[in-house]
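Could you build the full structure based on these sequences and the hints that come with them?
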Amino acid sequence: MNNSKKQLREVVIKFAGDSGDGIQLTGNQFAETTALFGNDIATFPDFPAEIRAPIGTVPGVSGFQLHFGDTHIFTPGDAYDVLVVMNAAALKTNLKSLKPNGIIIANISGFDSKNLRLANIPEEENPLENNSLHNYQVHKIDITKLTKLAVAEYNLGNKESERCKNMFVLGLVYWLYHRTMDKTIQFIEQRFKKEPIIANANITALKAGYNFGDTTESFTYQYEVAKAESQPGLYRSINGNQAMAMGFLAASLNAELPLFLGTYPITPASDILHELSKHKGYDVYTFQAEDEISGVCAAIGASYGGSIGITTSSGPGIALKTEAIGLATMLELPLVICNIQRGGPSTGLPTKTEQADLMQALYGRNGECPLVVIAPSTHSDCYEMAYIAIKIALEHTVPVMILSDGFIANGAEPWNIKTIEQLPPIKSNFITTDADSNNYMPYLRNANLSRNIAVPGTRNYEHRIGGLEKENITGNISYDPLNHELMVKLRAEKVERVADIIPPQKFESGNEKSSLLIIGWGSTYGSIGAAVNELNNEGYDVAQIHLKYINPLPANLEELIKPFDKVMVAELNNGQLIKLIRDKYLKDAIGINKIQGQPFMVKEIKESIINHLNNA
Amino acid sequence: MNNSKKQLREVVIKFAGDSGDGIQLTGNQFAETTALFGNDIATFPDFPAEIRAPIGTVPGVSGFQLHFGDTHIFTPGDAYDVLVVMNAAALKTNLKSLKPNGIIIANISGFDSKNLRLANIPEEENPLENNSLHNYQVHKIDITKLTKLAVAEYNLGNKESERCKNMFVLGLVYWLYHRTMDKTIQFIEQRFKKEPIIANANITALKAGYNFGDTTESFTYQYEVAKAESQPGLYRSINGNQAMAMGFLAASLNAELPLFLGTYPITPASDILHELSKHKGYDVYTFQAEDEISGVCAAIGASYGGSIGITTSSGPGIALKTEAIGLATMLELPLVICNIQRGGPSTGLPTKTEQADLMQALYGRNGECPLVVIAPSTHSDCYEMAYIAIKIALEHTVPVMILSDGFIANGAEPWNIKTIEQLPPIKSNFITTDADSNNYMPYLRNANLSRNIAVPGTRNYEHRIGGLEKENITGNISYDPLNHELMVKLRAEKVERVADIIPPQKFESGNEKSSLLIIGWGSTYGSIGAAVNELNNEGYDVAQIHLKYINPLPANLEELIKPFDKVMVAELNNGQLIKLIRDKYLKDAIGINKIQGQPFMVKEIKESIINHLNNA
Amino acid sequence: MHNPESIDIFTPKDLETDQEVRWCPGCGDYAILNSVKKILPDLGQPKHEFVFISGIGCSSRFPYYMNTFGMHSIHGRATAVATGLKVTRPELSVWVITGDGDALSIGGNHLIHTLRRNPDLNILLFNNQIYGLTKGQYSPTSEVGKVTKSSPVGSVESPFNPLSLCLGANSTFIARTIDKDAKHQQEIYKRAYAHKGTSMVEIYQNCNVFNDHAFDIFTDKEIKLLNGIYLEHQKPLIYDGGKKGIRLNGLQPEVIDLEEYSQADCMVHDETDKTKAFILTQFFENHLLPRPFGVLYCDNSKPTLEGGMNNQIERANIVDKKLAFNSLLMTNAYWEVK
Amino acid sequence: MHNPESIDIFTPKDLETDQEVRWCPGCGDYAILNSVKKILPDLGQPKHEFVFISGIGCSSRFPYYMNTFGMHSIHGRATAVATGLKVTRPELSVWVITGDGDALSIGGNHLIHTLRRNPDLNILLFNNQIYGLTKGQYSPTSEVGKVTKSSPVGSVESPFNPLSLCLGANSTFIARTIDKDAKHQQEIYKRAYAHKGTSMVEIYQNCNVFNDHAFDIFTDKEIKLLNGIYLEHQKPLIYDGGKKGIRLNGLQPEVIDLEEYSQADCMVHDETDKTKAFILTQFFENHLLPRPFGVLYCDNSKPTLEGGMNNQIERANIVDKKLAFNSLLMTNAYWEVK
Ligand SMILES: Cc1ncc(C[n+]2csc(CCOP(=O)(O)OP(=O)(O)O)c2C)c(N)n1
Ligand SMILES: Cc1ncc(C[n+]2csc(CCOP(=O)(O)OP(=O)(O)O)c2C)c(N)n1
Ligand code: SF4
Ligand code: SF4
Ligand SMILES: [Mg+2]
Ligand SMILES: [Mg+2]
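For the protein sequence lines, the chains are A, B, C and D, in the order given. Quick note on numbering: the working numbering labels position 510 of the first sequence as 510, and the sequence is numbered without any gaps. So the working numbering is basically just the index in the second sequence, starting at one, shifted up by 1000. So the working numbering is basically just the index in the third sequence, starting at one, shifted up by 2000. So the working numbering is basically just the index in the fourth sequence, starting at one, shifted up by 3000.
Simulated from the structure, these hints should not be mistaken for laboratory data. Hints are supplied without guarantee of correctness; some may be wrong.
Which bits of chain A does chain C cover? Going by a derived footprint, with three or more residues having C-beta under 8 Å, they are [stated by the list, open to error]: (1) 55-69; (2) 259-266; (3) 277-286.
Just so you know, even glycine gets a beta-carbon here, dropped at the ideal spot from N, CA and C.
Below is the structure:
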């Protein structure tokens, strides 16, 4: 059959179903195929908190949101054009974000009495039957049944046949957006290499879905979304935690030093451990410690020995590391602490995203204990920020905290691959060459106030360091009052001087004459950017600054902020960066805050800005 | 002999010697006698970092500084009128703070070749002999020898005889300031009840010192310092940690709930444990845990069970507790965390004082995790602040952090005793009475947003709580986005509402028309107060605000600060409260900061204020 | 405080909460939950005097599914929270629910200190030899070579022998049971309750998602008889349906064939003998020896922590506390200003 | 990496630093420092390959007084720091200096995990049964009833038996020595160095300020023979100058009089026998038995952590890492935009 084709510029599609339905896989496949095709994309996987929440229930719903288009895609999208639901709970959870007149593809079997009951929907209110969806384009398909029929020839068990239904859906959506199945067929063949029957069944289901679209008349249109214009180069899709791991690896290779990750599993940081533990061949040590304290301490031990000590965690685990981070600050050893923020306080919302650990990063240690704080702004940006974190830690002999979050960590986007040669060189401060006599001064400083670190095993560099206040230059214990003040200031100044090497801050949009400035940091880059873009297209004049370096702040930031009467700070917390901005620049900045474990919607930011602009 | 008497208004005296010389005891005796006599006093003991640093060396010097007078005494004093030194190292360490023409009482035996060598003074530069002290009134007395002679009749060993020399000095100083020896004689008799010979030897040495002053002609004057005018009432001398322990005890008695201290030893907080462990008879549980985490968690367990859970520590230990404090915040259980701040970061300067944990107290936890932060302003103020901390924790079901410090903890002052009846009532939110049926809602809130806490063992109140985000009212686990935002705001608002019960802020000096406002918090009260007093006496017009409640800030603070063009914030850190003031009130406040492990000197604050006033 | 009134009678059903149980279908945690629910009503203590304190992990969700008092605390710290509760409220029956990661990894220190201090807690350690909640990393009880998310080429870490660790920490009660054996579990939980002091129960628990089949050798019909031995106090060590026994050859345990040897040759289990208990904990790395289930060691002679602390408090008790407090304030030198 | 060149020869004197030793006069720490200084030159490794990592406590000041590499870390965490160092730098000789509070109280978890992982560290635990640095509170090795600053009416906490704890944690080397016996110390430190794996040495150390005389029964001329027994591998357990011995009655050790019995009746020490080691660790609460000094247990068969980790790294080794990395970046689906 030949459907009409409709050209679209961008589409938001949400796959949702039970966490056993293979939704993440479906989403990822569609994302990769779409990226390969040449669209720009942004994705947002949304897992249930439980490992295997009860099948069919609302808490058990797993979702994968994908936004793709022929232009720059900032965010996974506020609302969906298409909602694919495998069961009633998935519809219930997601309907509120479907655009008016949006497309619903619903699996009829997922709305049987059992599934309705599990979703807490009275039988008589079955949404597929009671006309409540009349504002949408609903496609009811018995995906389960069709899949089973399609794969009948393979004589799989009931469960195994049913498991292919996500491939049926994927095939159907491929058809709908005019995509090829090659990539996924390859993937299936690879994945089930040892189980050819399963492989064939899945491929059959995939094709059946595709053909179903092609043959039946359910769909009026097929859609096309043209390629996006991108920088030339090689691309891949990458999520934040992968990018982070790759960035660390790249830094270790360019610094020519082993990488040592001391860590303890915690959601959503564990994937960095998982990824790095696969790459031992690059001189990577991954040490799964007994707790977070041991993880960071072992990393300090590794740094002390001349490796690159890093540690990863999330909120509660970071809290436990704060004492040891103080030690690293006093020892002035390189250390990278990577915090994949999640909803807090306490155990909080472990699988949700939030930016509420900024103040902890800046101030959450005893005593005057400054460190460098940086925050990647997108999934792929983690690569370079992880790299720069190690570079700063090594070259400035200072702990560096990276603030990522659940959204950045798990979401993916196309990434213009930067090979290792495209990254700046790294030169550590480690002394590893024997000397003839020992006149080493462990706390003598270089131009950037970093110290030279003589590594154990280096002849004639024997010396002792520790957590008590050090005498300037010699590093001996000192209780001298003025020395203490000097050292506190030197450690602070050393961090300040990192500002010398970070890029000057620029406006993402607008300029010093714009009528309002919005400042963000870290993972909100996409949402704020999209909002500002839309506003400026709509005739407003809004300037945007996005901070990736938070301590120290870029040297020119004050000058950029000064001209503005209206300054807003958008954050996924109850107002943290804003405190810094107000304190430093005495601007009566207004916060845009969301504390819902979810990224900003573009419209939320737009509304806040418009409100503030209108409130004279 | 009849010396001339000279009337003085105030005196600063410093006792210094080896840490084995009994300096702390001498100082304390003089302080108590002086307080008993009716002077106002302030003391500042200064210990070496080592348990028993090598005898005779500079690191081994132990000091006790005492300021007394016939008027209100704010601080232990910037510089000494009298310096008593038992050895060369003690003189070397302390001379710089002796006032010009000040009195030195030096023990000749402490300046023999051995002691000079230990103090790293070349023999030919013996300060008692080379005229370098010509600007002072030097009294060289062979205290060691005189003491030995005095106690010869008791046939003690050499060491034991020598050990009485601190009593000789004390007797001499009693004579000098015209004090009676009764109190000390009583004390000695009590202390050496079981060793009457030692008791008698010490009393003999004490009297010998007194008589030495009376008989010899070394001293031209005897001095008199009249009684200070004080509020009528019963007085005693009390140091900060004692006062803190007593305040906790008082609160536990008035709340009629057992007190549970879960803690781990750390300088300078351990004395609170030592003190409370003596008072089991008041239903006090002291649990010396295996670490700080266990200490705070056990306290949470005790609060959960309906007792008053408190925990004490210092910098590095507080860092370790931050995760668990987050749990208490989420559980909305009462908990008091007492931080006796010391020099940081890391192990830092364990025996020195600092105010550098304020930001950690405010923000040092993962997620949005606000708690109440209060800071006693003087040694004796710890009593009421400890009390109020428990009152707030119980009545608002919230963790409360008390920020004391090494200076407050160890220093003492006269205290107008407040008996338990003079303290406000405390009413906990614990439900301990059985119900007929269970319709308990653990997160239903009272007017002040606190929750009612049903205690285990109460029939028909079975329920579960935990560190995952709670559903409003029911307390069930909730991943709902809007509920999370609501709960974050409720927890913050609950803390804000504590402002309703804290006393309105007032000016310590000056008023809104003064030419400059200086703000301080916690232990700097005395130094700032003295500086402002002196300045105002000298014709300046400086206003002073001293904060004891830091989160929430007093509701009327903004209004008090607003009128000022010149605002200064004095702190023993690199600028922490000032961030809050600038952030909240957008005032271009200027910091007065000292990070030397030592309290402010009055003149340091005066100079900074005058400078700022002059810099138009 | 046991209150025998009829209002205090309750059934396992009364222990259900309104929260949906959210473990994976097939998870061994269900069976443990049910067994605990089963025995509580028989213990003679009213429902509102039970408290379940857990850390973090799949297993630590347990309190949400048990209609008593409960706290889901933070990772590794349940023993510490429970200690604070128990010493101040000794009349409550306090249970600690924990996992191999929670108790033995991050919580190892609190565990061993709890054991030496011996408060009367009942610790149920759900050992699935994996981190369940964080989706499958090896734990301190995972075997060498285990391939997991964090050990893609096999773990190089030698695991703990949990009961050996506990015995080394002066535990006064150590026992082992398994999720699939409801009756045995119930017996052991009752024993744990009865023991005055910290009772440490290791429960082999199958995580069918991340570490399925870990304990099949102890549950599979064909082989379980060969791999497990059920201990009874004062009884000879016999297993495999009476076909095999364990004897001590000097200090070395060895398997004997009971067709050749007699029961009299077998080592006799004595819960109160610490050396025997040690030998039993070492039936672990040696795969020729069957794994012991039951109470390996029980020492009722050691005082409890709450006993010691409350004794001191009672001995010091002051009758009129407020009066005494006011004089306490005045014990140090004081003076009056009029 | 042993470098036999003459420049690497050094003497105990070379191990002095320019820092004044600041322990209290008479502290047992001095003797330990001297014994360690004494043996290092004999170990055949150059001075710059020794690293001493300590926690916090009086004992943990040790590295400042030892002219090798050293780190005075934070309270309880020295084992963790040392593990990170050792696995990345296996050629270094890494020593951990710790106290009973540092290792067994706050650091207990890292200690037991270190022992099970078995990196080749030498742990010297200065056990003075008190917190010295914080001026005298009871520690996890203080006896019940001890009166200290924090236990004015006596501690109610039952202490750890440190070597029993370590054995329970699968330690591969446990030994005990005492500050006053320089020769024995030196022998034990050499053994610890020689052992490949974590060596745990408990050193009885007198704190003459806060816990004086704690170990007098093992050092006072008149009684020490009766209270201590010096172990030698493969030798019978004999003490009191040959007058007494220990025999095993079944599993129970008992003292025998060697005028009545012969040496052949005595239990023979076997460092490699874990059950015997357990029995020896239990010569502790029972005051009728002498306290064993020497190597209680030594198992050389267990692989080290750094061995395992570095093996995996070597096996996976990639020759041209940068090249491989670039292709790694491209292994996931990628596409080109021109
Ligand atoms: C401080 C902290 N670190 C890490 C985590 C993440 N975490 C939660 S549960 C868990 C381990 C779970 O394993 P186990 O205790 O064996 O319980 P199971 O899920 O297997 O029942 C980890 C590492 C956390 N919640 N808090
Ligand atoms: C996190 C932390 N908690 C507490 C302290 C205080 N502290 C320092 S050493 C010590 C215990 C010392 O005892 P031990 O380890 O036995 O060493 P010793 O002084 O007896 O040699 C304590 C509690 C600290 N420095 N850091
Ligand atoms: S992940 Fe494993 S332990 Fe956790 S609920 Fe599922 S089956 Fe049970
Ligand atoms: S306090 Fe004790 S352990 Fe510490 S240095 Fe002094 S004698 Fe040694
Ligand atoms: Mg587990
Ligand atoms: Mg000690």
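Against the structure, the hints:
1. 55-69: The restraint on the region 55-69 of chain A holds, since 3 of its residues have a Cβ under 8 Å from chain C and three suffice.
2. 259-266: Coverage by chain C holds here, the residue count being 3 at a Cβ distance below 8 Å.
3. 277-286: holds (count 4)
The structure is consistent with each of the numbered hints, conforming to all of them.
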